[in-house]
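Asks: Letter by letter, the chains look like this.
There are 2 protein chains.
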Amino acid sequence: MPIPASQPVAPAVLTDLLDGRWAHVRREARVRMAALPSPATYDLTTEQHREQVFAELHELAKSGYPRVGFPVSHGGEGDLGGSLTSFEMLGFGDLSLMVKAGVQWGLFGGAVEALGTERHHDRYLRDIIELRLPGCFAMTETGHGSDVQHLRTTATYDPATGEFVVHTPHEAARKEYIGNAARDGRIAVVFAQLIAGGSEHGVHALLVPLRDEAGLTLPGITIEDCGRKAGLNGVDNGRIWFDQVRVPRDALLNRYGDVAEDGTYSSPIEGDSRRFFTMLGTLIRGRISVAGAAGSATKSALTIAIRYALERRQFTRPDSDDEVVLLDYLAHQRKLLPALATTYALHFAQEELVTTLHELTTDDHRQRELESRAAGLKAATTWHATHTIQTCREACGGAGYLAENRLPQLKADTDVFTTFEGDNTVLSQLVAKGLLTGYQQHLHELGSVGMARFIADQFVGTVIERTAARSLIERLVGAVTARDEDADLLDRGWHLRLFEDREKHVLDTLARRLRRAGEPGADAFEVFNAAQDHVLRAARVHIERVVLEAFVAAVDRCADPDAAALLGRVCDLHVLSTVEADLDWFLGHGRVSTAKAKAVTGAVNDLCRHLRPHAAVLVGAFAIPDPLVAAPIASGAERDRQDAQRGHDQDRLPRKEDSGRATAS
Amino acid sequence: MPIPASQPVAPAVLTDLLDGRWAHVRREARVRMAALPSPATYDLTTEQHREQVFAELHELAKSGYPRVGFPVSHGGEGDLGGSLTSFEMLGFGDLSLMVKAGVQWGLFGGAVEALGTERHHDRYLRDIIELRLPGCFAMTETGHGSDVQHLRTTATYDPATGEFVVHTPHEAARKEYIGNAARDGRIAVVFAQLIAGGSEHGVHALLVPLRDEAGLTLPGITIEDCGRKAGLNGVDNGRIWFDQVRVPRDALLNRYGDVAEDGTYSSPIEGDSRRFFTMLGTLIRGRISVAGAAGSATKSALTIAIRYALERRQFTRPDSDDEVVLLDYLAHQRKLLPALATTYALHFAQEELVTTLHELTTDDHRQRELESRAAGLKAATTWHATHTIQTCREACGGAGYLAENRLPQLKADTDVFTTFEGDNTVLSQLVAKGLLTGYQQHLHELGSVGMARFIADQFVGTVIERTAARSLIERLVGAVTARDEDADLLDRGWHLRLFEDREKHVLDTLARRLRRAGEPGADAFEVFNAAQDHVLRAARVHIERVVLEAFVAAVDRCADPDAAALLGRVCDLHVLSTVEADLDWFLGHGRVSTAKAKAVTGAVNDLCRHLRPHAAVLVGAFAIPDPLVAAPIASGAERDRQDAQRGHDQDRLPRKEDSGRATAS
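If you read the sequences in order, they're chains C and U. If you're matching positions, the first sequence starts at 1 in the UniProt record's numbering and goes up one per residue. If you're matching positions, the second sequence starts at 1 in the UniProt record's numbering and goes up one per residue.
These aren't lab readings, by the way, just hints derived from the structure by calculation. Each hint can be trusted.
Since copy identity is lost for identical chains, a pair holds within one copy or between any two.
Within a straight-line C-alpha distance of at most 27 Å, the following computed DSS-like cross-link-like pairs (lysine-lysine) qualify:
hint	residue 1	residue 2
1	Lys-598	Lys-433
2	Lys-504	Lys-596
3	Lys-598	Lys-504
4	Lys-504	Lys-433
For clarity, every value in this text was computed on a predicted model and none was experimentally measured.
If we strip away everything but chain C, and leave its shape as in the complex, we get (with noise of 0.2 Å):
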């Protein structure tokens, strides 16, 4: 497969189509972070590491950082998109600092602000945003992680004081792992069943004071140190009990629902559950942050291994004494570059994402398609990153399981991301529920004739609704008129119909299956969790749609053709690594032919050959500024030495005996 040829293209090329809208945001960010980066805390004890996080949130407020996201009538400046963008810069520091200050501004913060009304907003957000009232976001129960529209906790309104009654009732109902809780959280939003007028009324939030202005637990709590944990441990997690706690009418946040003196209940939204999911709705920041917090963590693992890899040399060539670089073999081409395409793909999904929320207007049905978005990205840039990560640390071989080259930090930090702020399993299901549910509302209606045009339907006004770029792919998808199988592999609306037909394809055979869980006599359960992988599959597919479709756009933008060119190479990496991972499913489903699966293969081999020289400028553009990016083995030291073995080695007697070469190479 010929390869046009990639020239050399300068990072900050690159570099201003990744920092995009928001470009301002993050150049100030860039500036401020490395003014002052975190010192490293590996060798801090929990309480050290602590006591700095906190001393760095303290900073940041004094910086002005967090006003970024509140609305101007309380001192913020109302914008959505730099603040989630700010987020994400901070996960190129200290990823405790980046989720206390999620926690903060984010959780505690958003949930004052998006279920408060206007008496909570006057009397809070200023203290909230200049931190000096910090505190917690309490929801998850240790009984209830996932499924938090069943948590246990109880705010039981008295009509004889006027007040809410909050309750732990049993061990399984503590707030469990609670940000802020152990050491520094004053006050929490505390998610409860809501029970008024002798019934319940299903989850709402409150504000419950936790400690006095000394620090000392209020009457009634009771908080547990959720102790050590893999990483984060500059965050204080923290259990709390509530014991009868009492706490007056208006500690209800009552944007969505509201109790009257008399303890009459009333609310704008109908039905508990959808009230709830409107509530959750809301905080779908959260999963945006943590996507962008792993993206950053995945570029600088990136980084940091690529440049180790490109000076790093181990065993000689075959014949000769050359020493060679780590990133001239193929394995660890594979091992570090379709990884690199694919941050890159989802850096340019995920600033899609940030756009379309920052630009939402109040319309019920984008929301949803957004939260469904967000949760389904969430999922891909985490896992991606634990798994670029871990395969970081590898590359570097021992260096980079030290402490001091940040790769175990970033590893350690990042894990969570895959369970917190909804589990991964879990969100691929709601992404695929999200998918279905038009479908199935649609499937009951139609005979098979109908079915299939309202398949095409659904799917192409699908992807109107998702893409900024909507004209661009439609031309790109049509423009082929070929056999697939005699597609280039390099040409872009196969990639983009092979995806779309897969999605297609997927989600189709799912519909007609779970409509089994409706037949007389069939236990739901047990249809839904047979078809529990192919649910998972549906999600994984549709979210790798999207993000093609963001990196295709994204490509479109760039103005440079050097540039564009270059991108146009790793979207193809990104495309047909991912293709390659999926082989069984094109092979199982007669979408590639065995020829054209080795030839996927050969492609990707090759792509990775033709994008080794550009490496070093494919992570050099992602503009992290050296003092944060700190790990001696990405800084020149292993350079040095090679050429300390090159001087010595001229001067080295001649062997007594040609050794013959063993090398594992």
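Based on these hints, arrange chain U on the given structure of chain C.
Replies: Here is chain U on its own, set in the frame of chain C:
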């Protein structure tokens, strides 16, 4: 696909089979370790952890543990298999202690024993066994980690004084990552290029004192602490520089090469390279020990994750208030049960390898085959550990991220296993190279008919050498004459044929491809490098066949029919999930039809469901004592909380309205 019903089996029956030949060593270790489990280390500073581990190492020495593997003539018991098994058992405790013991008695003590001669044995072995002389194994250098044949430390013989001068010529030649160096080691086996009589003789090992009895570093020695690592922080890794350090002539471990008083070099082995690999070959035990410990850590992680999955509930069934046990979800079964099945498979392969090594008499050919198998199994087992422990962490959600539940430590400690004692990617290439050696020698001599015959012969020969159950395997392989497309998915003969055929094909095509390297004008490095993914696949499929045959042999050894039947299903799940992971190859090479490919996925689901009721027994059979499992989530706390919730829920108020079902499942 109908799966024969499996009867309940007592875990002890399986434990007997798993415990195998060195059952007495395992039982003794369980009792000893359960009586005094390592205290939790996650809150310790590096220094505290090192102190604790060194104290535990002294306890081990007192218990007589290290004696098992050393020769009877020097206070040992001469039981190599027992020694390797007891290393494996240490893997159920603090892995820092396992590695520290491995450095002292496996690497350092093993090198003195294997590379030294009587004078070294007499002088050092007892002190080593009894830990009066803590030592290091100083092979790796900063510039040469994998390619140790080219390390740069020199040992130059000075006939004027009868001494060797050990020297670090430049920064890349400093000794790197040396266990026991930063704190406790008093002496080191140092690997250096031997220079005598004015020429180099390749890498040899010498004993070089590092510290005096008071622990002070000796003149000419500089030691630096490697500092904090991702895990294994109870091991004091350090860097060592030698500045013209003089040691007497008899410091040379001279079994494979000696220097006379006048500087004349002599060796029983011709050729630097062959000599070097003979010296390395004696260190095969290190790789086997790492594989064993990785297996133990994997068993610990699976025990924790599966016990939790059997008690943890999340989300209600449709139209019910019953919350579903995690392991009832197909997605959760798929995360844990195939990994459990492969853990069984690798256990039996490891056991077989230990037995074969234990019984080995001097036989050059079998030694090389065993080295290759040890390298391949080490790669397979440690990658499986990394993958499985990661999965277990995720399967336990936030609870899996808490240090008290041990998964973070298991993950961090074992993470380096994939790259130490040989980087897995490098080891895999050694395996492939070993398989090809015979090939390449023969292919030049044979025409195509002869080659085909040779290929067939080669594999029969290989099978004969490798498995303890040769006649069984041959009977099974030959048992079915029907077309394989029609073979039952649980047909063991089909499994064996499928794996053997894949190995033949991959190796055959690889051999043809690599022959090009010998053609005139070919760049041998480029030819080899372009095929590197093919090379890695060859190693993997070879090891997968070896592992499968070991599992099949173990099922055959099982005298209890119910246990054998259950193990048969575990073996089926291992085989079919391995096939599923490589379906792109089997489909792409016409080895399974698309219909059969779908059936494989269905069968994996069916086998997961089938084994679900036996999951507790299958992890129980590992017989890890409760004080070593240790994690609170694996000890019934979750069940107690579920009970408390159920008790409480009986008194709950009725909901005012049906909330509708909105679970993610």
